[in-house]
Amino acid sequence: MKLLEFQDLLEYCQIEAIASRVSPTESSLWRGICRSYSKKFNTSLPLVLDLEPEHVILAVYEDRMEELGIGSYDKLEYVMELINKIEDPNYAEKVKKEQDEFDKMILEKEELKMKEREKKKATAKTLSEKKEPLAENLPTRGSIDLSYLEKYNNEG
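Residues in the sequence shown are numbered from 3 upward in steps of one, following my numbering.
Rather than coming from a laboratory, the hints here were simulated on the basis of the structure.
Wrong hints could be hidden among the right ones.
No farther apart than 20 Å at their CA atoms in a straight line, the calculated lysine-lysine pairs in the PhoX-like style are these [said to hold, decoys possible]:
hint, residue 1, residue 2
1, Lys99, Lys87
2, Lys117, Lys106
3, Lys121, Lys111
4, Lys111, Lys122
5, Lys98, Lys87
6, Lys99, Lys115
7, Lys98, Lys117
8, Lys87, Lys77
9, Lys111, Lys99
Modelling step: build the complete structure from the supplied sequences, incorporating the hints.
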């Protein structure tokens, strides 16, 4: 094999690897699962490629679920998402639609709150502009008779 041919092969394989990550095909997914199996169970890749696909896929996913440790709520929620996506092909669209509706509702509530705040600011501003004149003859000295409180102090 010539050096130029080998360089072309390297470039082709790099492009294929990138393409399989960007837009996975059945073949690229299968190769990835086989690589995972090969690494995890210390089995040569050519041997794994010859095994029954169901055996390989099941072993890899069972291993991933064990690593996931479904004890916590967050992880259980992740697993439920996976199950829902498998059961209903339109699940992701439904979830996105629900999220969009929720976001829209929150945005509308926030806009309403902003309008109410603006009204309150406007009302407060008009009230502060309407200053009532101070009484002209305010007391400048005097006292408050608190003698009626003495009977409560004597009782306690």
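Going down the list of hints, with the structure as the test:
1. Lys99 / Lys87: With Cα atoms ~15 Å apart, Lys99 and Lys87 stay inside 20 Å; holds.
2. Lys117 / Lys106: OK: Lys117 and Lys106 at ~17 Å, within 20 Å.
3. Lys121 / Lys111: Given pair Lys121, Lys111 holds - Cα atoms ~15 Å apart, limit 20 Å.
4. Lys111 / Lys122: Distance of about 17 Å is within 20 Å: holds.
5. Lys98 / Lys87: holds, 13 Å
6. Lys99 / Lys115: violated, 24 Å
7. Lys98 / Lys117: Distance of about 28 Å is beyond 20 Å: violated.
8. Lys87 / Lys77: holds, 15 Å
9. Lys111 / Lys99: holds, 18 Å
Violation of the numbered hints given earlier is confined to hints 6 and 7; the remaining hints are satisfied by the structure.
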